[in-house]
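Sequence order for the protein chains is A and B.
So in our numbering, spot 374 of the first sequence is number 374, and the numbers just go up one at a time.
So in our numbering, spot 18 of the second sequence is number 18, and the numbers just go up one at a time.
Treat the hints as calculated values from the structure; they're not laboratory data.
Take the hints with a grain of salt, since some may be wrong.
Per the computed footprint, the stretches of chain B lying under chain A, defined by three or more beta-carbons under 8 Å from a beta-carbon of chain A, are [what the hints assert, rightly or not]:
#1 38–49
#2 54–64
#3 72–86
#4 97–104
#5 113–124
#6 138–149
Partial list, computed: chain A residues near chain B (C-beta under 8 Å) [as the list claims (entries may be wrong)]:
#7 T40
#8 L206
#9 E207
#10 G258
#11 G700
#12 T734
In this text, a Cβ means the ideal position worked out from N, Cα and C, and glycines have one as well.
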Amino acid sequence: MTAPEKRLPGSVAELPNSAPRYVGRPIDRVEDPALLTGRTQFIDDVVLPRMLHCAILRSPHAHARIASIDTREAEKLPGVVAVVTGEDAKRWSNPVMTVPPGWGTHCLATEKARFVGEPVAAVAAASRYVAEDALELIAVEYEPLPAVADARKALELGSPLVFEENGDNVMLRKLFTWGDIDGAFAGAVHVVQREFRWNRLGANPLETFGVVSQWDELAGTLTCRGSFQAQHHFAMARAMVFNLPLNRVRFISHPHGGSFGGKGGARGTDITALLSRKAGGRPVKWIEDRMEYLAGGASQAWDRHYDAALALDAGGKVLGFRVRLLDDLGATAEGWGAVSAAKPLTSFTGCYAIAAAQYDLTIVATNKLPGSPYRGMGPPPHNWVLEQLMDLAARELALDPAEIRRRNFIAPDAFPYTIASGNEYDSGDYAAALDAALAMGDYPALRAEQARLRAEGRYLGIGLVNTIEPGVFDWNAYAIVGQPGTGVPEGATVGIDLFGKLTIKVGFALEGQGQYTVAAQVLADWFTVDIADVRVIALDTLSAPPHFGPGGSRLGVALTGAVLGAAQRLTEKLVAVAAGLFRTPPEHVELRDGRIGVKGRPEASMPFQEVAQTMLARSDLLPPGVDPNPEATYVWTAPGRTPADDQGRAKSYLTAANACHLVLVEIDVETAQVHIKKYWIADDCGTRLNPANVEGQTQGGVAQGVGAALLEEAVYDEDGQLRTSTFMDYLLPTIYEVPMTEKRALCTPSPFTPLGAKGCGEGAMHTTPGAILCAINDALVPLGLELREVPASPQRLWTLLRQAKR
Amino acid sequence: MTKEPNDVTITRRISMTVNGERHEADVEPRTTLVDFLRGTLGLTGTHVGCEHGVCGACTVLWNGKAVRSCIMLAVQADGAELKTVEGLADGATLHPIQQAFLEKHGLQCGFCTPGFMLSIYELLGRTSAPTEEEILDTLGGHLCRCTGYQSIVEAAHLAVEKMRTR
Chain A
1 MTAPEKRLPG
11 SVAELPNSAP
21 RYVGRPIDRV
31 EDPALLTGRT
41 QFIDDVVLPR
51 MLHCAILRSP
61 HAHARIASID
71 TREAEKLPGV
81 VAVVTGEDAK
91 RWSNPVMTVP
101 PGWGTHCLAT
111 EKARFVGEPV
121 AAVAAASRYV
131 AEDALELIAV
141 EYEPLPAVAD
151 ARKALELGSP
161 LVFEENGDNV
171 MLRKLFTWGD
181 IDGAFAGAVH
191 VVQREFRWNR
201 LGANPLETFG
211 VVSQWDELAG
221 TLTCRGSFQA
231 QHHFAMARAM
241 VFNLPLNRVR
251 FISHPHGGSF
261 GGKGGARGTD
271 ITALLSRKAG
281 GRPVKWIEDR
291 MEYLAGGASQ
301 AWDRHYDAAL
311 ALDAGGKVLG
321 FRVRLLDDLG
331 ATAEGWGAVS
341 AAKPLTSFTG
351 CYAIAAAQYD
361 LTIVATNKLP
371 GSPYRGMGPP
381 PHNWVLEQLM
391 DLAARELALD
401 PAEIRRRNFI
411 APDAFPYTIA
421 SGNEYDSGDY
431 AAALDAALAM
441 GDYPALRAEQ
451 ARLRAEGRYL
461 GIGLVNTIEP
471 GVFDWNAYAI
481 VGQPGTGVPE
491 GATVGIDLFG
501 KLTIKVGFAL
511 EGQGQYTVAA
521 QVLADWFTVD
531 IADVRVIALD
541 TLSAPPHFGP
551 GGSRLGVALT
561 GAVLGAAQRL
571 TEKLVAVAAG
581 LFRTPPEHVE
591 LRDGRIGVKG
601 RPEASMPFQE
611 VAQTMLARSD
621 LLPPGVDPNP
631 EATYVWTAPG
641 RTPADDQGRA
651 KSYLTAANAC
661 HLVLVEIDVE
671 TAQVHIKKYW
681 IADDCGTRLN
691 PANVEGQTQG
701 GVAQGVGAAL
711 LEEAVYDEDG
721 QLRTSTFMDY
731 LLPTIYEVPM
741 TEKRALCTPS
751 PFTPLGAKGC
761 GEGAMHTTPG
771 AILCAINDAL
781 VPLGLELREV
791 PASPQRLWTL
801 LRQAKR
Chain B
1 MTKEPNDVTI
11 TRRISMTVNG
21 ERHEADVEPR
31 TTLVDFLRGT
41 LGLTGTHVGC
51 EHGVCGACTV
61 LWNGKAVRSC
71 IMLAVQADGA
81 ELKTVEGLAD
91 GATLHPIQQA
101 FLEKHGLQCG
111 FCTPGFMLSI
121 YELLGRTSAP
131 TEEEILDTLG
141 GHLCRCTGYQ
151 SIVEAAHLAV
161 EKMRTR
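This is chain A alone, in the form it adopts within the complex:
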């Protein structure tokens, strides 16, 4: 039996280093020099011998039977090597797995196309130019079918069916009830209820998805290089699609130009694999173009119709929170499907102590692009609803928005705290964040300014919103919607080479969050070396220890755990060797400030590098029975997780970061434009491993939140035609729209994580949309108007303002 594993350091003070130089400081990023000089190898930079280029023909119809496809002319075009259609997909692959099951298709449309942009055929040719030429030579005969593009119509009897065999368009219907919700509403003195509409939008990383696939018929292997956010998950899904053992599928992730959950690429990967197989094993590259991404990629999430209500007592205490959600997932459930709508279970009641809650969830299929994950996964629209209801309740009770929140916060001494929907929050002080934001913005002065300008006919609004960022994602939150498992492993291997330098090997590629820097900071402080002595290397799926990669505000915490665990195991090996060299029992030997030596006897010590060198090159000196490999691996997974009960209750996400945003907006009633004038953020994500990284995540989240609140919308007409197929129609926020924010960091360390850090990668996306909508509605109060839909575009606001004038 091996001895129980040592506990990982819960704070920076527990590191074997008297003066840590890196953890907790805004260190320059180790990944930046290569990025700044154009030397980082993104997937489109990869060229392999005999590589072909893929172009994909896509359905122009939202719903159409495919009567015939004639590819003969395309095959004759010089330079074309292979053409595939749904027939090839049927012969060589399975439909993708979905959540819930039974709502997926092959990578290429077979009998019918279900959305505009669905792949119908694909070509591999000598160049992308020739491949695109060939697409024009493919003749597809479509028989258009009536399409349904509206979630409510999809529920009506007689609606066109996206999957005829499923009988209706309902992918999932589930009623979650936590506590005495009927009693809460029956006993309420005040009830506020509204309908809310969150329109489709999505990730849009600056780099679209790309892949190079190679099918080796002889070896029975599939090798894919690409911009995979979670390479192992991708490999696993491909093994199922192609009936391959997992060890015959090798995924090599390249650094990628952002993801935010919405990188996608499963269909493109499968299509290039089929093409490579048909092309006799030649590698096939596909780089999604922006129009493909917008129409057929992972560009859309959160198409939601809400009806929600709060029940309150006379003093403004929230007794119950009821949410009915109609979630339009589009044509299939291939992009993590119902997981998005289930994630609010991790933080359903936000920062508040609310005993009873209910979630009446219906997910429907329509003839639109399948929904994909996007930063925050599911809670951003949910928080946006809850926080607007809190403002409405404040108005109903004539309380200040700050005051009603204060009356409902989970108290700082109540942690760890189990919320009604079952998750446990680790720690927090929500009133402290609220107070910090109010102080930063001088809240009383803001209100006075608002009143003064109102008298001049100007419409300023103040938004004040608190949210939880559930961090360290865990599968168990999704068991209730058909995604099995508990725990998400993240591994790291730490080694010392013969020249005394350190390497960390991980199973994920660079994506932008600065994770390699964080890993290097942690290890440099563990061994007390210069950060330049640490190198971080990404391994492929078959070489790396078990891993998941970035996702669900998880990697900073998980990676810290993996690196510390591996460093600790490696140190134990070094200690065993040094104990032999010093002829002392190992329990008397320790690592301290980069030296391994006898406790309390600084003269009896040596640099840790020399111990490693002894292991590698002086077997004549090695004590008997020691492991001579100065390398160790550790796989971290969140401790104490529990399986979900029949109402989805589980200890799921390990950390609960919190933030309070305060924003001042002005609505120009002539142009119906919203101007963000000032923005303050108080944010508590526990220990900040690299504060500059955290600030970047926060500010990036603000920008995406501004996009969601004011600009971004994937618009379909009633026939399911996409109207926003370029960046001229789908508006990303620019520097003119995104406010420069003032930020303050608070710190309630997590008692459960290595070094006390909390997940912070989803940044402000949880908070900003709610803050801006609360501010807009605050500005509209004197006009007697409300806007409960995003984006709050000038067109939408102008229509509202005009209605008021009539």
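Position chain B against the provided structure of chain A, taking the given hints into account.
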């Protein structure tokens, strides 16, 4: 297939100077400048974000002017002097603009960054003391999905400072 006189696949010979190095090649007239730089010359530091001239990721300097290489043809650069991100650093020494981005965490994924830096390079070639508005107008033509722009603004200001004291 016989080729028509206006067939876009009939190649033309072009020459240009990129980062001080002269190149000559036969290209199809339909080849975009960015595909030529990346595919033919192997200068993959210039990135393609939208292929319709909105995002600015593919920005390069064409005779000193910032242009979007995804909506220009390679033949339009015949005889031109170009600068790409690979031409910014001096050996192992980062250009002050690159150094400013590094120090201010002005990038996350780094995909859009070459475009931003080349537009700032163009601006600082015109004036050593740009106004706040000039800086905003320069950055306003670029999309970044990671940073929320705040650290990019700070990097731009630091770059001005570094260039001035260089």
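Structure-based check of each hint:
1. 38–49: Since 8 is at least three, the answer is holds.
2. 54–64: Three-residue rule met by the stretch 54–64 of chain B, so holds; n is 3.
3. 72–86: holds (count 3)
4. 97–104: holds (count 4)
5. 113–124: holds (count 3)
6. 138–149: holds (count 10)
7. T40: holds (6 Å)
8. L206: holds (4 Å)
9. E207: E207 (chain A) check passes; min Cβ-Cβ to chain B is 5 Å, inside 8 Å.
10. G258: It holds, given that the least Cβ distance between G258 (chain A) and chain B is near 4 Å, below 8 Å.
11. G700: Given a least distance of 5 Å, the restraint on G700 (chain A) holds.
12. T734: holds (6 Å)
Taken one by one, the earlier hints all hold for this structure without exception.
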